[in-house]
Structure formats: structure tokens, C-alpha cells
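Student: One letter stands for each residue in the lines below.
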Amino acid sequence: MEQLYRLSQTTSLDAVAALRQPLQQLLITAGGDPEAVSDVLLALNEAIINSLHHGYQGQPGWLQIEIGRAGQSLVIQQYDKAPPFDPTAVPPPDTSLPLAVRPLGGMGVHMMRNFTDELHYQRTAEGCNRLTFIKHNVFT
Amino acid sequence: MEIRTSQANGRFPVTIFHLKGDLMHEEPLYSQAAHAVANGDQHILLDLSEVPYVSSAGLRVIHLIFELLHEKSGEDQEAMKRGIVAGSYTSPYLKLLNPSKNGLKVLSLGGYDMFLEIHKNQQAAVASF
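Residue numbers (my numbering), protein chains in the order written: chain B, 2 to 141; chain S, 87 to 215.
Just so you know, the hints here were simulated from the structure itself, not pulled from any lab data. All C-beta atoms, glycine included, are put in the ideal place defined by N, C-alpha and C. Please note that a few of the clues may not be correct.
[Claimed, not checked] Residues from chain B that face chain S, not an exhaustive set, calculated with beta carbons under 10 Å:
#1 Gln4
#2 Gln10
#3 Leu14
#4 Ala18
#5 Glu36
#6 Asp40
#7 Asn46
#8 Asn51
#9 Gln60
#10 Gly62
#11 Leu105
#12 Leu120
#13 Ile135
With the hints as constraints, model all of the structure from the sequences given.
Tutor: In C-alpha cells:
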């Protein structure tokens, strides 16, 4: 896999928005389809916020993000050292329910699933949560 | 996020929150909407023309504003239920204006576009309340 980007640092919720624009530019410059790139960055953004908001309980925390290209696919791996959390095990929300009776929340994981083609979780031997996002046909 | 507020009159006075920037947090929008509702505003239009990105937290604050208005209005629960069953219910109190392509994608994924009217023109949106 050809690595396009790597970040490994303590990050805060306030810093998350600043990541998106340069990443989008980088991936489009690398030949990524703008809409597909945008989709996968929506998913990544939700994963980062999830790690910081729930995993690290709103405090700054260590994150590692690796973005690579495997053929025509975009592969993103995100690591954190928060308590174990497997988003792939979260049941999908019922989005047909009217807002008046629908419980709040649950949309972040829903976005992660729907804006990528594959979403995998692993708790690593080093005690990290590792989420892998794959979006196919990003690069042509 | 920057928020500018304006008022417009159709059949009802409508408070318009013109948002600028990514909608990624509940604040400051929720506090401003709660303040408006506490001061008697009953019809809110969220202008999303300059919102490039809506996150799950953005969906959450839209949901919270819907609930604020719904609870304050004393909306006829039976009529609402009939509308929901018939698939024709949309909020008479909260509407959205001109979301971006990304924003619309997120709203649709969450099913919000089924229960909140989305308009492309401010005048038509105000007149629709």
C-alpha cells in the first residue's frame, strides 16, 4: 500500500475541523474522486470525534491516522488508546422513525458505515482501538 | 461557526438563523435557538447556504431544535400521529434552507429530509410556514 499521509499526535476536539480541508486537498491532488474523498472524510471525521468525545471523554487524546492507496481503493486506519469500543457492533438507528419519537444520537457510526464500503475494527495487542475504513474506486 | 439572525414575515413571523461554517457542534446554535424559543419565537428557518459540512453533532442540534419547538408549540399529538402514519408529516415549526450537497447527503442519510421541509428559496420557505 502506498502511504499518502500519517499523523500521530495528541489531538483535541477543537483541532478536528482543521484536519479535513488539507486532507481533502491532498487526496484530490493524489487523484482521488472529489465526492468519494469527501464521503470517506465525513466518515473519518465521525470516527475522530467519536474517539475524542466518547473514548477520551472530551479531553485531548492520542490518535494515529494512516491514509494510503491500494490500487483504486482509499484505505484509512485510525488508532486510539481509549477504552475498547467496536463501532461495527453498534446497531443501526431506525432513520424512518419521526424525530419526535426518535432517540438522539447514533448517527456518527451510521455515517461511518454508510460513507465507506468497508469498516473493520480490531483491538490491537498494544491496547489500541484500530478502525479501518476502505472506500473502493476512489482512484481511477 | 458564525450565526446571523434575521426575522421575516409570512403568515407567521419567522426567525432565520443564517449559519456560516461547518455545523459540527451543538453550540452556539442550540443556545441561540433555545433563547429565541424562550422569547416566544415559534417558527425557525435554518439557512444552511453557507454550511459546507454537517456532522452527526450537527444532526443532533437540528433534532434538539425540532424538539424545543415541538414541545413549546403544544402541537396536536393526534394530528401529528395521523400525519406520521400517512407519511405526510413534516414539522410546521422548523424548516431548512438550501443545504449544500454534502449537507443534504447527511440529512438524507439520517432521514431528516422526511420530517423537515427543505427549501431552496428563502421567500418560499418563509411563506411555507
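Student: Would the hint on glutamine 4(B) be counted as holding, given a Cβ-Cβ threshold of 10 Å to chain S?
Tutor: violated (26 Å)
Student: Double-check aspartate 40(B) for me: the hint is only fine if its C-beta lies closer than 10 Å to a C-beta in chain S.
Tutor: holds (8 Å)
Student: Using the nearest Cβ pair, does asparagine 46(B) come within less than 10 Å of chain S?
Tutor: At about 6 Å, which falls below the 10 Å cut-off, the nearest Cβ of chain S leaves the hint on asparagine 46(B) intact, so it holds.
Student: When the nearest CB of chain S is found for leucine 14(B), is that gap smaller than 10 Å?
Tutor: Holds - the Cβ of leucine 14(B) comes within 10 Å of chain S, reaching about 8 Å at its closest.
Student: Report holds or violated for the interface hint on leucine 120(B), using the least CB-CB distance to chain S and a cut-off of 10 Å.
Tutor: violated (15 Å)
Student: Let me know if the C-beta of alanine 18(B) comes in closer than 10 Å to any C-beta of chain S, holds or violated.
Tutor: For alanine 18(B), the interface hint holds, since the closest Cβ of chain S sits about 6 Å away, which is under 10 Å.
Student: Restraint: asparagine 51(B) near chain S, CB-CB cut 10 Å. Satisfied or not?
Tutor: holds (9 Å)
Student: Under the criterion of a CB-CB separation shorter than 10 Å, is glutamine 60(B) in contact with chain S as hinted?
Tutor: This hint is violated: glutamine 60(B) lies away from chain S, its Cβ roughly 16 Å from the closest one there, beyond 10 Å.
Student: Against chain S, is glutamate 36(B) within 10 Å by beta-carbon distance?
Tutor: holds (8 Å)
Student: Given glutamine 10(B) as an interface hint, is its Cβ closer than 10 Å to any Cβ of chain S?
Tutor: Given a least distance of 20 Å, the restraint on glutamine 10(B) is violated.
Student: Regarding the hint that glycine 62(B) lies at the interface with chain S, is the smallest CB-CB distance below 10 Å?
Tutor: violated (17 Å)
Student: Could you check if leucine 105(B) really has its C-beta closer than 10 Å to a C-beta on chain S?
Tutor: With Cβ-Cβ at 6 Å, under 10 Å, it holds.
Violated hints for the displayed structure, listed by number in ascending order: 1, 2, 9, 10, 12 and 13.
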